[in-house]
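**Student:** Use these hints to put chain B onto chain A, whose structure you have.
Chain by chain, the residues run as shown.
Protein chains: 2
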Amino acid sequence: MTKKKLLTKADFPVSQVRRFLEPGPVVLLSSRWRGKNNIMTLGWHTVIEFTPSLVGCVIARTNHSFEMIRRSGECVINLPTRPLTDEVVRIGNSSGAEIDKFAAFGFTAVDAERVEAPLIGECHASFECRVHDRSLVGKYDFFILEVVKAHAAESPRHPKTIHYTGDGVFLESGKAFSRRSLFRSALL
Amino acid sequence: MTKKKLLTKADFPVSQVRRFLEPGPVVLLSSRWRGKNNIMTLGWHTVIEFTPSLVGCVIARTNHSFEMIRRSGECVINLPTRPLTDEVVRIGNSSGAEIDKFAAFGFTAVDAERVEAPLIGECHASFECRVHDRSLVGKYDFFILEVVKAHAAESPRHPKTIHYTGDGVFLESGKAFSRRSLFRSALL
Numbered sequence: 001m002t003k004k005k006l007l008t009k010a011d012f013p014v015s016q017v018r019r020f021l022e023p024g025p026v027v028l029l030s031s032r033w034r035g036k037n038n039i040m041t042l043g044w045h046t047v048i049e050f051t052p053s054l055v056g057c058v059i060a061r062t063n064h065s066f067e068m069i070r071r072s073g074e075c076v077i078n079l080p081t082r083p084l085t086d087e088v089v090r091i092g093n094s095s096g097a098e099i100d101k102f103a104a105f106g107f108t109a110v111d112a113e114r115v116e117a118p119l120i121g122e123c124h125a126s127f128e129c130r131v132h133d134r135s136l137v138g139k140y141d142f143f144i145l146e147v148v149k150a151h152a153a154e155s156p157r158h159p160k161t162i163h164y165t166g167d168g169v170f171l172e173s174g175k176a177f178s179r180r181s182l183f184r185s186a187l188l
Numbered sequence: 001m002t003k004k005k006l007l008t009k010a011d012f013p014v015s016q017v018r019r020f021l022e023p024g025p026v027v028l029l030s031s032r033w034r035g036k037n038n039i040m041t042l043g044w045h046t047v048i049e050f051t052p053s054l055v056g057c058v059i060a061r062t063n064h065s066f067e068m069i070r071r072s073g074e075c076v077i078n079l080p081t082r083p084l085t086d087e088v089v090r091i092g093n094s095s096g097a098e099i100d101k102f103a104a105f106g107f108t109a110v111d112a113e114r115v116e117a118p119l120i121g122e123c124h125a126s127f128e129c130r131v132h133d134r135s136l137v138g139k140y141d142f143f144i145l146e147v148v149k150a151h152a153a154e155s156p157r158h159p160k161t162i163h164y165t166g167d168g169v170f171l172e173s174g175k176a177f178s179r180r181s182l183f184r185s186a187l188l
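Chains A and B, in that order, give the protein sequences. Heads up: the first sequence at position 120 corresponds to 120 in the working numbering, and the numbers run straight through without jumps. Heads up: the second sequence at position 82 corresponds to 82 in the working numbering, and the numbers run straight through without jumps.
The hints are simulated quantities; they were obtained by calculation from the structure and are not laboratory data. Watch out, some of these pointers could steer you wrong.
Straight-line C-alpha distance at most 27 Å; calculated DSSO-like pairs for lysine-lysine [to be verified]:
(1) A:175 x B:5
(2) B:36 x B:4
(3) B:3 x A:175
(4) A:5 x A:149
(5) B:3 x A:139
(6) B:175 x A:4
(7) B:149 x A:149
(8) A:139 x B:160
(9) A:4 x A:149
(10) A:149 x A:36
(11) B:160 x A:3
(12) A:160 x B:175
(13) A:160 x B:160
(14) A:175 x B:4
(15) B:160 x A:175
(16) A:175 x B:175
(17) A:139 x A:175
(18) A:5 x B:175
Distance windows between CB atoms, simulated [said to hold, decoys possible]:
(19) A:51 x B:5: 20 to 26 Å
(20) A:103 x B:177: 23 to 29 Å
(21) A:106 x B:5: 43 to 49 Å
(22) B:62 x A:138: 27 to 33 Å
(23) B:51 x A:182: 37 to 43 Å
(24) A:167 x B:114: 25 to 31 Å
(25) B:99 x A:106: 26 to 32 Å
(26) A:134 x B:71: 47 to 53 Å
(27) B:177 x A:182: 45 to 51 Å
(28) B:100 x A:108: 51 to 57 Å
Note that this is a predicted model, so its numbers are computed, not measured. Every residue, glycine too, gets a C-beta built ideally from N, C-alpha and C.
Looking at chain A on its own, in the form it has when it is part of the complex (with noise of 0.2 Å):
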């Protein structure tokens, strides 16, 4: 198992988490029901909305965090990087029915401050979230989450993120770079 940082992050404002969301990465999304945490890995999202902040998912009805999620109305979507890619596969890969995930993989489970899931300290950012539509979560286990609080933590700006192509293939996330110059100032 990788040697894990806990992480300190500060208020990060919420109509913002598209500068982490937007670009694709793989998110691990933990969770809180009637007195035990969970993790699940997501690759299946998209923002929605700035303000509200809203965020769609889809959590197939096959994760253990379904449930969870579904009857608590609330879950954290945490960023992890790079480092952390190991894990991010395993939780992938194993049930939160059969494990305690946060213990099994040396995660911590911080306190978050607007819902009862927890954070994991060791992520990049965390994004307390409550369920805002639930329309389309029987047809296509489609939550769209509104994000009420974001802790970020400063630094890097642009963390390595890690991208998901099917068949245990990754992408790392690779330079950045601006081109300011050629927006509308209305659309940056």
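**Tutor:** Chain B only, in chain A's frame:
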């Protein structure tokens, strides 16, 4: 303007478009309505299902493409690569109500097989889509599209894509790496 190449593409399985979309790249949506073509830049999308091959997209109603796609019920998701960044940004910062974006940005409209909307010949991959579910269009501008036909260049397997963070800043996709050995076979 970048010197651009028309790419030869092969049929690609619609159930596997996640290879290109799940990592979260910026894409170009092409559409056609009443004899006119258009292109928009889109960063808010997620895979929703393998079979049928479903992709959810926020197509904000402020885009000229919104009504074109809503009325025609069709569009094409095209995957631009790093050398096309300037065109991607310029497409996102101009309106199809004012200009013909194919002509203005030097892109080739190639006939699709299953929809009227054109493919963008210079993109690495193009996915022909029909609107599958409009139930969240009114509330969130969220369309669920079904990919009915997919085309992709045969190499490279993982082209360099661009991923938007806001503020005019993009991340390039970086190197691919495998963790196949850590997956349960049912999850590959």
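**Student:** For the pair supplied as a hint, residue 36 (chain B) and residue 4 (chain B), confirm whether the alpha-carbon distance does not exceed 27 Å.
**Tutor:** holds (23 Å)
**Student:** Could you check the hint for me, namely that residue 103 (chain A) and residue 177 (chain B) are 23 to 29 Å apart, CB to CB?
**Tutor:** holds (27 Å)
**Student:** For the pair supplied as a hint, residue 4 (chain A) and residue 149 (chain A), confirm whether the alpha-carbon distance does not exceed 27 Å.
**Tutor:** holds (24 Å)
**Student:** Hey, residue 175 (chain A) versus residue 4 (chain B), does the alpha-carbon distance stay inside 27 Å?
**Tutor:** Roughly 23 Å between the alpha carbons, so the hint for residue 175 (chain A) and residue 4 (chain B) holds.
**Student:** When you take the CB atoms of residue 62 (chain B) and residue 138 (chain A), is the distance between them in 27 to 33 Å?
**Tutor:** holds (30 Å)
**Student:** Given the range 51 to 57 Å, decide if the beta-carbon distance of residue 100 (chain B) to residue 108 (chain A) lies inside it.
**Tutor:** holds (55 Å)
**Student:** Keeping to a limit of 27 Å between CA atoms, is the pair of residue 160 (chain A) and residue 160 (chain B) held or broken?
**Tutor:** Distance of about 16 Å is within 27 Å: holds.
**Student:** For the range 47 to 53 Å, tell me whether the beta carbons of residue 134 (chain A) and residue 71 (chain B) fit it or not.
**Tutor:** violated (29 Å)
**Student:** With respect to the beta-carbon atoms only, verify the hint that residue 106 (chain A) and residue 5 (chain B) lie 43 to 49 Å apart.
**Tutor:** holds (48 Å)
**Student:** Assess, step by step, whether the Cα of residue 160 (chain B) is no farther than 27 Å from the Cα of residue 3 (chain A), and give holds or violated.
**Tutor:** The hint is violated at about 31 Å.
**Student:** Given the proposed pairing of residue 5 (chain A) with residue 175 (chain B), does the C-alpha separation stay at or below 27 Å?
**Tutor:** holds (24 Å)
**Student:** Given the hinted pair residue 3 (chain B) and residue 175 (chain A), is their Cα-Cα distance within 27 Å?
**Tutor:** Roughly 23 Å separates the two Cα atoms, so the pair holds.
The earlier numbered hints that this structure contradicts are 5, 7, 8, 11, 17, 19, 25, 26, 27.
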